[in-house]
Each structure stands twice: as structure tokens, then as C-alpha cells.
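Each protein sequence line maps, in turn, to chains A and B. Okay, so the first sequence: first residue is 288 according to my numbering, each after it adds one. Okay, so the second sequence: first residue is 442 according to my numbering, each after it adds one.
Just so you know, the hints here were simulated from the structure itself, not pulled from any lab data. Just so we're clear, the structure is a prediction, and the values are computed from it rather than from any experiment. Take the hints with a grain of salt, since some may be wrong.
Sample of chain A residues facing chain B (criterion: CB under 10 angstroms; computed from the structure) [stated by the list, open to error]:
| # | residue |
| --- | --- |
| 1 | Met313 |
| 2 | Pro428 |
| 3 | Cys538 |
Here a beta-carbon is modelled for each residue, glycine too, at the ideal position from N, C-alpha and C.
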Amino acid sequence: MRRRWIGRFVVPAFFAAVFAAPLWFMVVGSLRPAGLPPPRGVELLPTQPTLAAYARLPELMPLFTYLANSALVVAVAVPLTVLVASLTGFGLRLLTPTARRRTVLGLLALLLVPVTAVWATRFELFRLAGVVDTYVPLLAPALLAVSPFLVLLYAWSFGGVPDTQLQAARLEGAGWLTIWRRLALPQVRPATLAVAVLAFTFHWSNFIDPLLYLTSGDRYTYPLGLRFLLLLNPTDWPLLMAGCVVATAPCVVVFLLAQRILLDDNPLAALRSGGHG
Amino acid sequence: MSRVRRPLTPWAFLAPYAAAVVLLVVLPAVLNVGYAFTDHTGLTRDPRFVGLANVRRLLADGFLLDSLRASLFHLALAVPVRLLAAVGLGLLLAAPRPGGRWFRTAVYLPTVIPDVALAVLFLWVLNPLYGPLNQLLRLVGHPGYTWLADPTTARLGVVLMLAFPIGEGFIVVLAARRMLDGRLYEAAALEGCGPFGQLRRITLPLLAPVLVLLAVRDTILTLQVNFVPAYVLTDGRPANATLYLPVYVFDQIFEFSGFAYGSTITILLTVVTAAVITGLLIMLRRWRVLR
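So that you can see chain A by itself, here it is in the shape it has in the complex:
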């Protein structure tokens, strides 16, 4: 009986603790006073906790400008990602099984083309279009639904919408956009939430595109600002950890909204359960 208990709870708890540890050290590190000597042992709890590092953040960089820029990008990019992913996912749903299998294989092949392979020439295209140092190139990943993973997630969820419903709506004269918006989307609300959350974490964290395309300091998004902070104060650890906490906290909060679906005992059922729940 005890062995069973170890397998069910103690081992999982151990690994959960290992994976939560980096975040814990981030928070503890941000609460140390600046200029303290190295701790003797492992600091599991801050000895003299202080929020001083957080107060110094806006003094050393235009924190609120960066955060506002990031929020602006996210506010446009996340809905765009959801739109593209859901349209494409619904398109996949409507294909015949053979065509669907081929298209999914094509998508998987696309999963294998990394951004790095098209860095240089994509940059050239955006430069010729005259949109370097604007937020337009930052929306490029959104037009590609961030990752084929999100498209497949939608395609799977739409699979739960019965053919008979689609045909009935069609016979009653509903247009295809109406069917997508009024019939299909309401049945996959959990999938929409999950995709939106994953899109949020991607766009909020996006570092490569701002690094390549944004040159004016007042247009920087927060991840660029964090690197800027690192270059200016490479050894001020409480300050840097506070910067990391500010970068990470929105992602953690938003993800906690979606874990109910994505990490459910049966994630595939949870994705489709919108129509009934």
C-alpha cells in the first residue's frame, strides 16, 4: 500500500517541485536586498524580503512604455492568431478524410520549417515593404497562427461538430461564415480559450521579431526592454529577477486560466465540451 502511495503522489510531487523550482528561485531572488553578500546555504525563503527591486525598475528603464507597447502588440496579435487558427482549423474539418490527411501531413511538414530558415529574406521583404521599425512584422507569426499545433488543436475540436448539423444549417440557407461563427465556434469555446492563451504566451514572450525589426527605443516591447536592462545592469540580480517576474507573471496568470482545459485528466474531451458545459 505504501509503495502505491509513493508512486501516485511522492514521485509526481518531486518532479513537480523540480519544475517549479526555477520560478521559485526567480521570485526569491527578486526579493533580496541589493548588494547583499552571497548566501551561505540554499535560500529557500528570502531572509530580509524587500520590494525595493520592483520600485527601482521604473527608475532605470521606461517600464510602463515597454509594457504598454507589449500590451498593444498582444491586443492585436492574439485575436488575429485565434481568427487564422480557427478559420484554418474549420477548413480542415470540412475536407474529405483523404484530403484532410494530406493537408495535415503538409501542415506537419510546415511544422518542420523553422523561422531561422527564412530570417534574412523575410526581413528583406519587410524592408522593401517599408514596415521595418513598426509593429507590422510582429504580426507575421499571427498570420501563420503562431504554430501548426494551434491549427491542429482547432481542427481536432471542430471534429466534434456533427456533419448532420452542418448540412442542416446549410439547407436552411445559412452562409458559410455564419455557420462558422454561429454554429461551429460556440461548440469549441474551450479550444478558443486554449488557443488564445497559448497565443498570448507566444506573443507576449516574442523576442526575435522585436529584436530584428524594432530599432527605436520608445517602440521596444517588454522582452527587448528586459535585455536592455541586462546589458545596463549585468550584476544587479534582485533588479534583474524583478524584471523577469514582471515578464513572467502575465503568462503564468493567463496560463492558469487554461490549465483547466489543456491539462485536464482528458484534455481531448475537455477541448470539445463547450456545447454542453
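Position chain B against the provided structure of chain A, taking the given hints into account.
Structure of chain B alone, referenced to chain A:
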């Protein structure tokens, strides 16, 4: 407007995505090959055709050799570690249990840390004096390492950092495990097959296609997308030990104005990736995992 409507056509829904793929992936990829034969710097507007000059430069480039070596070392270590973590934890935590979702959430959390924050965090974790990792090592009587200052431990440090964000593979394994038929396990248990026998004879063979997909995906992620953490954490130092190919490509294209040369290296990177994946698939076929 006609009263009788044609059946729903899927192609209209797929069109926006297809357009984006052509414009943002296919066109740049084709242009990339074209630029590789020019002397384009990215600064002037008139590239000239220079034939195979970039390929000759490629063959004589000592930094590129360092870069290739760093990438392959990283690949050989990081992919197995990440895959083992994603699959192992996915299978360990798939079964329903009270609080099961919170164990899974804890495992997923490092994945939502933004890349830059993860890198800055690991600068702290790997700090020789202040860092928690060396303090943990000191608990067990080990003096600790200087991590990012030494070529070998710097590479290990990057692998360690990238062993944490494994959420995508983890979720895929969780979902795939749920799709397996529970009756198979009941039958196996009746036949006297223990947990490890079940893992070896049922779970792993049935999950094989998913595992192959994950391995291939992770190879690409590891080879090509580990740019941000490596760029922020070490930027190629020390002694080119972490000058992974994407970091080198970035330096060439955006720092040294070697636009055309960067394109050439990009093609090499794609070829290396394709070669590794082909090798992986051949190996798997030989092990009869894919039958």
C-alpha cells in the same frame, strides 16, 4: 441570391493561411536560395551575382566549424534529455489522481516563462557565487562549477536550461496516452504483465508515431530555434563553445552585414537538419518502431 446553396467549400477557410504560408515561408525560402549566389550585404539595394563564392567561403570558415560542432553537441544531448523528460513526465502524470492537474501545471509552468526571462533567470541560477545550483551542489559536498565561464559546462548549462520548457511535447504525450484503449491494459494485467511490461509492450509501441513526430520536431527546435536563450545567456562565448548555428547566422546577417553569406549558412543549416532527421528515421525503421 440563389436559394439552393452549394455544399460548404473548405478552401475558402484555408485560403488566408495558405496565402500567409506562401508570402511568409515559401517566397522567403525561394529568395534565400537566390541570395546565396550574390554578394548582397543587406545595406545596398543592388546585389551582384558571384556564383559559388559564398560556398567557397563556407568551406574555409573556421568559425563555422566551431559553430557546427557546438550545434551537434547540443543536439546529441538536448534532444534525448528533453524527449525523455516530456515522455517520462507525460506518462507518469497522465493517470487521473487527486490534484493531478496541479502536478501537470507545475511541470508546464517553465514553458510559459518568456525566453529572455528564462535566460536571465539561468544567468542567476548558474552564477558561481550567488546561484542556487552551486548552493545545491555545495549541500552534497561538491565545490560547484564556474558554469558559463568554461566551454564544456557552458554547453551543459544551456542544455540544463532547455530541459525545462518541454510543455508542448508534454501535452501531446498526455493527450496521446488518453487515446489508448484501457481494455488493453486490463487484458495485459490479467495475463500477469507488470507495469514495466505494459510500458514496453503496449504504451511505447502504440505511441511510437507520436514519439517519432516529437523527436523530429524537437530536433528542429533544438537545432534552429534555441537562438534566443543562447543569444541572451552566452552569445557564443566562451571560445565559441555555444556559437550555435542560429546565433552565427544572426551574427552574419544582422551584425556583420554578410546577408548573402548568412543565406548560404541558412541553407547549410537546413541541409544538416534534413540529414539528422533522415538518419533518425532510418535508425527507427531499423529498430522496427515504425512498422
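task: Of all the hints given earlier, name the ones this structure violates by number, lowest first.
output: Going through the list in order, the structure violates no hint and respects every one.
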